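Residues per chain, in single letters:
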Amino acid sequence: GDGRMGMIYDGNDVQFSSRARVKFTMTGESDAGLSFGGSFRVDQENYSANEYRSAARGTAGQVWISGTYGKLSMGDVVSASEAAIGDLYEIGYTEGAFAGDIEEISYLTGDGENLDQGANILYEYGIEGFTFFASATDGSDTNLGSISPGANVDDELNASSDDVAYSLAAKYEAGNYNVGLGYGKHGDADEIVLGGEVTYDQFSVKGIYAKYSDRFTGELDAEEFDSTIGLAAAYQADALLVKGFWRQDKFKYDVAGDEKFDSFGIGADYDLGGGATLAGGIIDSDYLDDTVADLGVKFKF
Amino acid sequence: GDGRMGMIYDGNDVQFSSRARVKFTMTGESDAGLSFGGSFRVDQENYSANEYRSAARGTAGQVWISGTYGKLSMGDVVSASEAAIGDLYEIGYTEGAFAGDIEEISYLTGDGENLDQGANILYEYGIEGFTFFASATDGSDTNLGSISPGANVDDELNASSDDVAYSLAAKYEAGNYNVGLGYGKHGDADEIVLGGEVTYDQFSVKGIYAKYSDRFTGELDAEEFDSTIGLAAAYQADALLVKGFWRQDKFKYDVAGDEKFDSFGIGADYDLGGGATLAGGIIDSDYLDDTVADLGVKFKF
Amino acid sequence: GDGRMGMIYDGNDVQFSSRARVKFTMTGESDAGLSFGGSFRVDQENYSANEYRSAARGTAGQVWISGTYGKLSMGDVVSASEAAIGDLYEIGYTEGAFAGDIEEISYLTGDGENLDQGANILYEYGIEGFTFFASATDGSDTNLGSISPGANVDDELNASSDDVAYSLAAKYEAGNYNVGLGYGKHGDADEIVLGGEVTYDQFSVKGIYAKYSDRFTGELDAEEFDSTIGLAAAYQADALLVKGFWRQDKFKYDVAGDEKFDSFGIGADYDLGGGATLAGGIIDSDYLDDTVADLGVKFKF
Numbered sequence: 001g002d003g004r005m006g007m008i009y010d011g012n013d014v015q016f017s018s019r020a021r022v023k024f025t026m027t028g029e030s031d032a033g034l035s036f037g038g039s040f041r042v043d044q045e046n047y048s049a050n051e052y053r054s055a056a057r058g059t060a061g062q063v064w065i066s067g068t069y070g071k072l073s074m075g076d077v078v079s080a081s082e083a084a085i086g087d088l089y090e091i092g093y094t095e096g097a098f099a100g101d102i103e104e105i106s107y108l109t110g111d112g113e114n115l116d117q118g119a120n121i122l123y124e125y126g127i128e129g130f131t132f133f134a135s136a137t138d139g140s141d142t143n144l145g146s147i148s149p150g151a152n153v154d155d156e157l158n159a160s161s162d163d164v165a166y167s168l169a170a171k172y173e174a175g176n177y178n179v180g181l182g183y184g185k186h187g188d189a190d191e192i193v194l195g196g197e198v199t200y201d202q203f204s205v206k207g208i209y210a211k212y213s214d215r216f217t218g219e220l221d222a223e224e225f226d227s228t229i230g231l232a233a234a235y236q237a238d239a240l241l242v243k244g245f246w247r248q249d250k251f252k253y254d255v256a257g258d259e260k261f262d263s264f265g266i267g268a269d270y271d272l273g274g275g276a277t278l279a280g281g282i283i284d285s286d287y288l289d290d291t292v293a294d295l296g297v298k299f300k301f
Numbered sequence: 001g002d003g004r005m006g007m008i009y010d011g012n013d014v015q016f017s018s019r020a021r022v023k024f025t026m027t028g029e030s031d032a033g034l035s036f037g038g039s040f041r042v043d044q045e046n047y048s049a050n051e052y053r054s055a056a057r058g059t060a061g062q063v064w065i066s067g068t069y070g071k072l073s074m075g076d077v078v079s080a081s082e083a084a085i086g087d088l089y090e091i092g093y094t095e096g097a098f099a100g101d102i103e104e105i106s107y108l109t110g111d112g113e114n115l116d117q118g119a120n121i122l123y124e125y126g127i128e129g130f131t132f133f134a135s136a137t138d139g140s141d142t143n144l145g146s147i148s149p150g151a152n153v154d155d156e157l158n159a160s161s162d163d164v165a166y167s168l169a170a171k172y173e174a175g176n177y178n179v180g181l182g183y184g185k186h187g188d189a190d191e192i193v194l195g196g197e198v199t200y201d202q203f204s205v206k207g208i209y210a211k212y213s214d215r216f217t218g219e220l221d222a223e224e225f226d227s228t229i230g231l232a233a234a235y236q237a238d239a240l241l242v243k244g245f246w247r248q249d250k251f252k253y254d255v256a257g258d259e260k261f262d263s264f265g266i267g268a269d270y271d272l273g274g275g276a277t278l279a280g281g282i283i284d285s286d287y288l289d290d291t292v293a294d295l296g297v298k299f300k301f
Numbered sequence: 001g002d003g004r005m006g007m008i009y010d011g012n013d014v015q016f017s018s019r020a021r022v023k024f025t026m027t028g029e030s031d032a033g034l035s036f037g038g039s040f041r042v043d044q045e046n047y048s049a050n051e052y053r054s055a056a057r058g059t060a061g062q063v064w065i066s067g068t069y070g071k072l073s074m075g076d077v078v079s080a081s082e083a084a085i086g087d088l089y090e091i092g093y094t095e096g097a098f099a100g101d102i103e104e105i106s107y108l109t110g111d112g113e114n115l116d117q118g119a120n121i122l123y124e125y126g127i128e129g130f131t132f133f134a135s136a137t138d139g140s141d142t143n144l145g146s147i148s149p150g151a152n153v154d155d156e157l158n159a160s161s162d163d164v165a166y167s168l169a170a171k172y173e174a175g176n177y178n179v180g181l182g183y184g185k186h187g188d189a190d191e192i193v194l195g196g197e198v199t200y201d202q203f204s205v206k207g208i209y210a211k212y213s214d215r216f217t218g219e220l221d222a223e224e225f226d227s228t229i230g231l232a233a234a235y236q237a238d239a240l241l242v243k244g245f246w247r248q249d250k251f252k253y254d255v256a257g258d259e260k261f262d263s264f265g266i267g268a269d270y271d272l273g274g275g276a277t278l279a280g281g282i283i284d285s286d287y288l289d290d291t292v293a294d295l296g297v298k299f300k301f
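Residue numbers (this note's numbering), protein chains in the order written: chain U, 1 to 301; chain C, 1 to 301; chain E, 1 to 301.
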């Protein structure tokens, strides 16, 4: 499990914020040596309250089977692109949540995006430094109750919840660096994401570029999410870890032209040992009216 | 805990379906040797979301106390009839859920049917091959919040949620066969259920006949659930288990006369060892527009 | 975990009532010797259903950090007053729930009262028989989603959910007695609570007096909760524990003058060993139309 306690400055007030969570991880092995398992947190089981956040309905947590031919996961899995590239560095004791998790790259598919089709799948296969990823939905939003939740939109409406969402990606890892390339598609929209990370002595740097096509947000003036460029850096000195990131998101409009949103963050973690970490962060984002900050302790049990 | 992952053919589309669940089982023993316990799954606790599926409210999971005088259980227990006779064989990796659990006999009381009166009770006592069962509700739908949820229907409406629902049953088990007889009553409606199962070498056969009286479904034309006859068979060959069932439900109407609904299912389980089973099934039912099927892996942890 | 099963007489009907619960307690220790932890029950995690009863949102359960300078807890903590003084003795197998937990003193702040501001804090420090307590909310009801739930009432309405609620208290414990004094304030309302408990041989007696000012209930005729006086006594004889309490609550009105509500309760616990206790109680309260009772078994696992 994990926990945290501390304070958040929301731009106007300082607020207390805490949480306690428990995660279950179950594993087994077949006679032929296939390993399998399942995992979810207590807060990911909302059987009666939310069919899209329920491990027993396949829309939260995940199950997997793994062998020499790779690993197949099903449930609320990340997309291939996200599995290969990931997000920018999390800062603060709430791990970015105090600023709406702005360090997270907005992947087109998976990771909670396509659960209106029920469980998603992710396949991973690694060979000689390369890892290949493929993820997909089933392309059907027909609701089958507890076994396949779904948006159940009338077929004549051509809902995107009836389009297969998929993603393909590859990652190459060498001694002190890795690079990843991902492609995702859902309906008319697609994404190409490129990422890389280098570690040198106590420094780490990570860069991500994501380019979207026909990714309309549904907002006025035909708002279209065009691209994101992000950079994160970290410096480790004994128990102290200083981290920062910058990202810029570009939106296009029919009439108003382009608009860019910048976000900056800087933070530090101090490892208290035994699973406790003192952490704080400051984030300034064009998405937010105010600069926000957090400071507190986070626990791993 | 348990988990599963695989695909379901819903008659039109193939859909991914997975789940992960955790079950808690707690036990103890008093100084005088009474054993007691409680059990529920995480998805059976929906405290704020659903008062009829909450272990902390007594409407999911169960608690029990057991000694030389038998076992008394309270909560979301099965009825006496169901405890004695049970259901037809489950097929597929979703254990029948891909066809709406049509292998389950529709018992009049208990097993989720009478939770609008709060917790149900079940008493079991075994002696020399015989087991006797009695189950009941308390006959009151008055809602007492967390300690006794209830439908709280106005007494003047004579709601069935204010009628005691009860069931009595007996089962006899010998070396390779067992037979059971159950009676259930709720308001004007009653049931008589007869079941038996024989195991011979690698073969098992189970038959169930349930006859209902005055069991109106609330549908048009005074629809009345009249009876169910069901038959299930299984054949075990090493790791392979082949199973099938047939059932026929009869409904009566005021104007339209009678109608019968047939359902067939066949499936196979292949034990992979270590708690993993590869399983698939096909079910064709008059209740469903299409023949449906599933194929996947199920896990026990 | 814990469980219970038995019967409640609600004044008109006898009802079955049972429950099963599981509690998680996680602990750790930092390199410098600070101990920390978190705890919550499964039923206290209602992530999607209820933002005010969710351990992952800080509104149920709690996390804490503890060292030589005291213990700081955050989440759904009790107020300083309640931590120092507590409630009257619980009776019955449902521990007072069969009568709406009338043995509980109505503290002005904390213990579920102020979660419309998100997580609450409680600080405790003990020295030479004295324990000092301080608790508070953050004075902001701004909703920050999962990290700080809140009522989000328009600031111009001067909602009490934007007033800091706090409490200060002290307790002194000697060999066989303890006394506590607490003060609480939220907006215009405040409380002063005085309590004491003496244990002599097999007898225990506890008294509590709470005086409120400007504590309007929102009911008609400017109903104001004025004060509570309560007395509880217990007698232990081997496995048998007999308990009783009386409390009187006084309300003031603009037009109608004063009104007093008396409540009496008596009950007995019989320890069966191994965590099982047979218990029953009877409560007569002016708040209830009828005398109510319960009888059953409760379990600790």
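If you are wondering where the hints come from, they were derived from the structure by calculation, not from laboratory data.
Hints are not guaranteed to be accurate.
The list treats identical chains as interchangeable, and a pair is accepted whether it falls inside one copy or across any two copies.
[To be verified] For lysine-lysine, the following DSBU-like pairs were computed, each having C-alpha atoms within a straight-line distance of at most 30 Å:
| no. | residue 1 | residue 2 |
| --- | --- | --- |
| 1 | Lys300 | Lys23 |
| 2 | Lys23 | Lys260 |
| 3 | Lys23 | Lys252 |
| 4 | Lys71 | Lys211 |
None of the values given here were measured: they were computed from a predicted structure.
A quick look at each hint next to the structure:
no.	hint	verdict
1	Lys300 x Lys23	both (11 Å within a copy, 18 Å between copies)
2	Lys23 x Lys260	neither (38 Å within a copy, 48 Å between copies)
3	Lys23 x Lys252	neither (41 Å within a copy, 50 Å between copies)
4	Lys71 x Lys211	within (28 Å within a copy, 49 Å between copies)
The structure fails to meet hints 2, 3 from the earlier list, while all remaining hints are met.
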